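Undergrad: What follows is each chain in one-letter form.
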Amino acid sequence: MAIDKKYQIAPGEAVGVIAAQSIGEPGTQMVLKAFHQAGIASVVRNSGLPRLIEIVDARRRPKTPMMTIRLQKQYRMSYENANKAKRQIEEVFVKDLLSGFSEELKTGKMHLFLNKSKLESYELTAKSVSNKIASNDSLEVELEGSTVHVRIKSKKERDIKSVRTIFVHIRNSLVAGIPGADKVQILQDQSDNSFYLVSSGNNILGILDVDMVDKSALTCNDPFAVYNAFGVEAARNAILNELIKTFSDEDIEVESRHLGLLADAMTLTGGIKSVGRHGIAGEKGSVLARAAYEETVKHLINASVFGKKDMLTGVAENIMIGKQVTVGTGRVKLAIKKEDLEKIKPKA
Amino acid sequence: MHAEMIDYIRFTTISPESIKKMSVAKLIVPDTYNDDGYPIDGGLIDQRLGVIDPGLKCKTCGGRAKSCPGHFGHIELVRPTIHPEFAKTLYMLLQVTCESCHRLLINEKQLTELNSDIEEALLDNPDVSLGETQSDSSVKDSMLKRLKNVKKCPYCGTEQRKIKLERPTFFSIGNEKLRPDAIRDWMEKISDDDLILIGIDPKATKPEWFVITTLLVPPVNVRPSITLETGDRSEDDLTHKLVDIIRTNQRLEQDIDAGAPQIIIDDLWELLQYQITTYFNNETPGVPVSRHRSTRPLKTLAQRLKGKEGRVRYNLSGKRVNFSARTVISPDGYLSIDQVGVPPKIAENLTVPFYVTQWNIEAAKKLLESESYPMVINMIMKDGMRKRATEATRKELLEQLVPGCILERQLVDGDIALFNRQPTLHRVSIMAHEIKVLPGRTMRINVSITFPYNADFDGDEMNLHVPQTLEAQAEARYLMKPSLLLPSARTGTPIGVQQEDQLAGLYLLTNDDAYFTKSQTASMLANVGVYEFPKKQEKDGRYHGRAIFSMILPKGLDFAQKSKLGDVVIKDGELVSGVVDNTMVGIGRADLTLLIYDKYGPEEVRKFILNASKLSLAVAYISGISISLSDYYNSDKLNKERENIINEITAKVATLTTAYREKKLQPLPGMTAKQTYEAEVFAELNIARSIAESVIKKNVPISNNAMLMSTIKARGNILNYVQTSMLVGEQSVRGERAKRGYSGRVLPYLHVNQKDPLALGFVASSFLGGLNPVEYIIHAMGSRDSAMSKSLITAVSGYLQRRLINALQDFYVENDLSVRDASGKIVQTIYGGDGMDPMMESIAKE
Numbered sequence: 001m002a003i004d005k006k007y008q009i010a011p012g013e014a015v016g017v018i019a020a021q022s023i024g025e026p027g028t029q030m031v032l033k034a035f036h037q038a039g040i041a042s043v044v045r046n047s048g049l050p051r052l053i054e055i056v057d058a059r060r061r062p063k064t065p066m067m068t069i070r071l072q073k074q075y076r077m078s079y080e081n082a083n084k085a086k087r088q089i090e091e092v093f094v095k096d097l098l099s100g101f102s103e104e105l106k107t108g109k110m111h112l113f114l115n116k117s118k119l120e121s122y123e124l125t126a127k128s129v130s131n132k133i134a135s136n137d138s139l140e141v142e143l144e145g146s147t148v149h150v151r152i153k154s155k156k157e158r159d160i161k162s163v164r165t166i167f168v169h170i171r172n173s174l175v176a177g178i179p180g181a182d183k184v185q186i187l188q189d190q191s192d193n194s195f196y197l198v199s200s201g202n203n204i205l206g207i208l209d210v211d212m213v214d215k216s217a218l219t220c221n222d223p224f225a226v227y228n229a230f231g232v233e234a235a236r237n238a239i240l241n242e243l244i245k246t247f248s249d250e251d252i253e254v255e256s257r258h259l260g261l262l263a264d265a266m267t268l269t270g271g272i273k274s275v276g277r278h279g280i281a282g283e284k285g286s287v288l289a290r291a292a293y294e295e296t297v298k299h300l301i302n303a304s305v306f307g308k309k310d311m312l313t314g315v316a317e318n319i320m321i322g323k324q325v326t327v328g329t330g331r332v333k334l335a336i337k338k339e340d341l342e343k344i345k346p347k348a
Numbered sequence: 001m002h003a004e005m006i007d008y009i010r011f012t013t014i015s016p017e018s019i020k021k022m023s024v025a026k027l028i029v030p031d032t033y034n035d036d037g038y039p040i041d042g043g044l045i046d047q048r049l050g051v052i053d054p055g056l057k058c059k060t061c062g063g064r065a066k067s068c069p070g071h072f073g074h075i076e077l078v079r080p081t082i083h084p085e086f087a088k089t090l091y092m093l094l095q096v097t098c099e100s101c102h103r104l105l106i107n108e109k110q111l112t113e114l115n116s117d118i119e120e121a122l123l124d125n126p127d128v129s130l131g132e133t134q135s136d137s138s139v140k141d142s143m144l145k146r147l148k149n150v151k152k153c154p155y156c157g158t159e160q161r162k163i164k165l166e167r168p169t170f171f172s173i174g175n176e177k178l179r180p181d182a183i184r185d186w187m188e189k190i191s192d193d194d195l196i197l198i199g200i201d202p203k204a205t206k207p208e209w210f211v212i213t214t215l216l217v218p219p220v221n222v223r224p225s226i227t228l229e230t231g232d233r234s235e236d237d238l239t240h241k242l243v244d245i246i247r248t249n250q251r252l253e254q255d256i257d258a259g260a261p262q263i264i265i266d267d268l269w270e271l272l273q274y275q276i277t278t279y280f281n282n283e284t285p286g287v288p289v290s291r292h293r294s295t296r297p298l299k300t301l302a303q304r305l306k307g308k309e310g311r312v313r314y315n316l317s318g319k320r321v322n323f324s325a326r327t328v329i330s331p332d333g334y335l336s337i338d339q340v341g342v343p344p345k346i347a348e349n350l351t352v353p354f355y356v357t358q359w360n361i362e363a364a365k366k367l368l369e370s371e372s373y374p375m376v377i378n379m380i381m382k383d384g385m386r387k388r389a390t391e392a393t394r395k396e397l398l399e400q401l402v403p404g405c406i407l408e409r410q411l412v413d414g415d416i417a418l419f420n421r422q423p424t425l426h427r428v429s430i431m432a433h434e435i436k437v438l439p440g441r442t443m444r445i446n447v448s449i450t451f452p453y454n455a456d457f458d459g460d461e462m463n464l465h466v467p468q469t470l471e472a473q474a475e476a477r478y479l480m481k482p483s484l485l486l487p488s489a490r491t492g493t494p495i496g497v498q499q500e501d502q503l504a505g506l507y508l509l510t511n512d513d514a515y516f517t518k519s520q521t522a523s524m525l526a527n528v529g530v531y532e533f534p535k536k537q538e539k540d541g542r543y544h545g546r547a548i549f550s551m552i553l554p555k556g557l558d559f560a561q562k563s564k565l566g567d568v569v570i571k572d573g574e575l576v577s578g579v580v581d582n583t584m585v586g587i588g589r590a591d592l593t594l595l596i597y598d599k600y601g602p603e604e605v606r607k608f609i610l611n612a613s614k615l616s617l618a619v620a621y622i623s624g625i626s627i628s629l630s631d632y633y634n635s636d637k638l639n640k641e642r643e644n645i646i647n648e649i650t651a652k653v654a655t656l657t658t659a660y661r662e663k664k665l666q667p668l669p670g671m672t673a674k675q676t677y678e679a680e681v682f683a684e685l686n687i688a689r690s691i692a693e694s695v696i697k698k699n700v701p702i703s704n705n706a707m708l709m710s711t712i713k714a715r716g717n718i719l720n721y722v723q724t725s726m727l728v729g730e731q732s733v734r735g736e737r738a739k740r741g742y743s744g745r746v747l748p749y750l751h752v753n754q755k756d757p758l759a760l761g762f763v764a765s766s767f768l769g770g771l772n773p774v775e776y777i778i779h780a781m782g783s784r785d786s787a788m789s790k791s792l793i794t795a796v797s798g799y800l801q802r803r804l805i806n807a808l809q810d811f812y813v814e815n816d817l818s819v820r821d822a823s824g825k826i827v828q829t830i831y832g833g834d835g836m837d838p839m840m841e842s843i844a845k846e
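Sequence lines, in order, name chains H and E. Counting from 1, one number per residue, gives the positions in the first sequence under this note's numbering. Counting from 1, one number per residue, gives the positions in the second sequence under this note's numbering.
Source of the hints: derived by calculation from the structure; they are not laboratory data. All figures in this text were calculated on a predicted structure; none of them were measured in a lab. Hints may contain errors.
[Unchecked claim] Lysine-lysine pairs mimicking DSS-like chemistry, simulated, CA-CA at most 25 Å apart:
#, chain 1, residue 1, chain 2, residue 2
1, H, 298, E, 148
2, H, 118, E, 319
3, H, 63, E, 145
4, H, 118, E, 664
5, H, 109, H, 132
6, H, 5, E, 140
7, E, 845, H, 6
8, H, 6, E, 555
9, E, 145, H, 273
10, H, 116, E, 663
11, E, 599, H, 6
12, E, 66, E, 366
13, H, 323, E, 319
14, E, 345, E, 366
15, H, 345, E, 382
16, H, 309, E, 140
17, H, 95, H, 73
18, H, 298, H, 6
19, E, 299, H, 298
20, H, 183, E, 674
21, E, 698, H, 298
22, H, 309, E, 299
23, H, 333, E, 825
24, H, 183, E, 663
25, H, 63, E, 674
26, E, 674, H, 118
27, E, 345, H, 298
28, H, 273, E, 140
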């Protein structure tokens, strides 16, 4: 793609600093705490400066992990199908289906009373629920009408506390849905009136198993989840998309190439690295650059133990020793031919 | 001038032998001055270490205070002591080597494995040479981790006892104490080959040096004492600490010589260890802080380097400069965006070098002869001597004037200088302006260029820097002027914009009813230096503002844009229809300015911005905008609308509340009924204000000046109008309605669990009508919350900025348009995927 020289970036340009400034400068204009937007229906999600910091820090556990799930072409136009997909995805626990239960802690028995209307609303049958519970080998399960009787098989004596734990565990076990997707909402796209789902959680591989889902259009706001599912390139795009979304939500204009450079810098080594002490800035080659950033003494001591060399190729090092920096006009050297030099020498 | 440059810096540790070699004095006296106020020989201010008093001579080099750089001394410790900062490294070395044969606890198999792993790592990263960055590699780290758990030496078969480090500096092996002298012996016995495997270069560093036997004492220049007014001397913290070290060392020596019991010696040894530890780092965890007599913690070596006020960030990364000025700024609509108005007092004091050559020596002579304003302040001789040019010396200097001299002359119009406002958040916070010396005591800039600096004139101060070398001046002049940096690198939209009164003026000039008499037209155009009338004259002899505005447009310009104030059409440099508004020349979107920049270049756009600024201000002299309180009075109809809105919202809240209380409210997914109620009520109350806004928009005409100003984005927005005349609206504290205070209510005035709009934080009054006491307090709660979050956000975003810049600062564009980091690693193969300059992005999109 050839580009008009007039619009081309100048070689040497310190694009890193420009990108960093372009991202950091509007920071003061961002809100610290997100308003619940007037439209109540939308899911509460982390936004503004805290979200920006979260992305840039490459947090492994984002505050509000979320997935946007589009459906296959043939399903996406009807609400019923969207609802069907929702039922396949949204987590349903045993406890969600009960009208009540009773426990016999001494004998290790529990009786679960399933609620018919709740079962219907999730399109589940009592049979499927009992089968699900029975998949645990250590349990004896018996279905009687809409009541499930559960008994712990083991013969050896159990104390009440551990029986209790097992029962609680049973009631909290998943009957249907994808683990992690605990809040699923059906939303409608304004542009083409298609329905899509927004789910909390970051279980990408789980969602991909659902047939109705358009696998090419699944997005997740957690770069690490994307990295684990699809690799760095996808993670890089996930970071970029999240950065773009964070800024556009705040109505702040930042050219995406700056955000792209940041995303590239974060994924340069094949994994996701954070900006800061433990990431990009902390792993720089230069001792002085690291010392100038944070943990000055630690870096100097470590360098002296291992006899490190600082080759003075970065910006921070050269500022310290008083040389021209290695970016921008500092990269350009002027040369003149000896004979030309003679020509401009003053005649004595 | 260009001395040979530093190629690289290598960090090593220093050996006791080197210390002794570079030391000029062995220090033995734990004191500074004697009773006569004279430095004690062998004390810490020994004159061989250099001098700081102006009267004295250095006993080593003979130099005086200014010329002597200072010399190191040393202290012989009678017992070796652990260097606290190296304790961790020592711990590692003790763990991975055998306690009896002192070899690395690595068996043959592991050794070959390690070597092949290293080879592989080197293949991945061939530019690192062995022994230099090896220790970085995870290969090495994981190997060392494994070696720490080896139970039996593979060479001599000795069982390895557990080694413990009791922070900061006390080691034990098994149940025995491991004293520093034993550690030192152990370290000495580790072979060079093993050290290389660990990653330590034995030519640079020997691990036995991590145990101190000879302590290097910095010159007095590093720790100068201060003489107080009373004549008392106050010593530097380092000197205090060194006195403690010598004193403890002496006592230890005496006790050893006197054959004191081991316990006493150990106690003193431990004290010496404490003194040394705090000498290096007075914030070592697990060690009591060493304090000054005044209980102030001592600032020792690590504290000198560390942090924002430490040596590295304060003096090495940040530098102080000369040739700079700072004063209050004020606006000047007649300066171009590339200029800065400088007060005479500053122009007289700042200087620019004038390099004398054989070609300009006549001009130089004239300059040097001058005895009033543009005159020479200093003359730098060929030998580098700087001499002040005064009435008395001027004649003498004139005789010495030869090519090669440098004259430092006062600042004059047309010189270039860098102008800066803090916080310097992006590169356009520092730009080059041409000097224009103007009366007054403030520096002046056009309002049009305040945007990138984020400056206003309510007392802001800015800095001016005068570049001294020709190279720096050229870079400033040809790369850093606002007109050359016009499109912002962040958004691609112009940074030179019309604002406030300028936008008002342009509206008054180009709206449909803007007709001006011949004399008005003449005076306005003369203001911008146009001395002919517009071609298009109305029948009654008047001129329309659009014709006047067309006079400052470049010839041949074509432009069309839809706008809410009428579609704008410019044809061949004539504004045919439409109002010049902020979307054409204002912040965020200045399409016309951008078009001129693209088509005609920086010089034309500079002129256009200046002329638009001048013209708009000239209009304001003829027909300005003013507002009065009456602009905000509601008509009866509006008052009725307001009541309706409030009644409606009250009813809505009431239904929601009843639904909630009767448990009929359908909870939203993932929310409890209470949260749902809160969210819906809060959203409903917030909507009330936007309803009021739409009512205002519908009913208040643009002929209302307050409305006009917000419409043309000159000042204020519609929200201000709504809050002034209709209702202030819902107050939020931490993103929800004000809730805290008493149980079930915000204020004691309210009933418990009262749920009408007022109790939920809704201010139904307008600013004009006045707030009632409850509203007033709730409003204050909202204001306080936003004031606090604003101060927090500046701190948080400031740190984010620092981190981002640190992470990305080394990236640059290579000649092949790829982006590289400091080591030449490719970050992007083509910058941004297309190699486009972000400044040009908006333009190129067109």
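Undergrad: Determine for every hint whether it applies to the structure shown.
TA: Evaluation of the provided hints:
1. H:298 - E:148: Cα-Cα ~22 Å, so holds.
2. H:118 - E:319: Not satisfied, since the Cα-Cα distance of roughly 71 Å exceeds 25 Å.
3. H:63 - E:145: Violated, at about 34 Å.
4. H:118 - E:664: The given pair, whose Cα atoms are some 18 Å apart, holds under the 25 Å limit.
5. H:109 - H:132: holds (17 Å)
6. H:5 - E:140: violated (48 Å)
7. E:845 - H:6: holds (13 Å)
8. H:6 - E:555: Roughly 22 Å separates the two Cα atoms, so the pair holds.
9. E:145 - H:273: Cα-Cα ~24 Å, so holds.
10. H:116 - E:663: holds (22 Å)
11. E:599 - H:6: Holds - the C-alpha atoms of residue 6 of chain H and residue 599 of chain E are around 11 Å apart, at most 25 Å.
12. E:66 - E:366: violated (36 Å)
13. H:323 - E:319: holds (13 Å)
14. E:345 - E:366: Holds, at about 23 Å.
15. H:345 - E:382: holds (18 Å)
16. H:309 - E:140: holds (19 Å)
17. H:95 - H:73: violated (34 Å)
18. H:298 - H:6: violated (47 Å)
19. E:299 - H:298: Holds, at about 17 Å.
20. H:183 - E:674: holds (18 Å)
21. E:698 - H:298: With a Cα-Cα distance of about 65 Å, the restraint between residue 698 of chain E and residue 298 of chain H is violated, given a limit of 25 Å.
22. H:309 - E:299: The hint is violated at about 29 Å.
23. H:333 - E:825: holds (21 Å)
24. H:183 - E:663: Holds: residue 183 of chain H and residue 663 of chain E sit about 22 Å apart, inside 25 Å.
25. H:63 - E:674: Status holds; Cα separation ~22 Å.
26. E:674 - H:118: Between residue 674 of chain E and residue 118 of chain H the Cα gap is close to 22 Å, so the pair holds against 25 Å.
27. E:345 - H:298: Cα-Cα ~48 Å, so violated.
28. H:273 - E:140: holds (21 Å)
Checked against the numbered hints given earlier, this structure breaks hints 2, 3, 6, 12, 17, 18, 21, 22 and 27; the rest are met.
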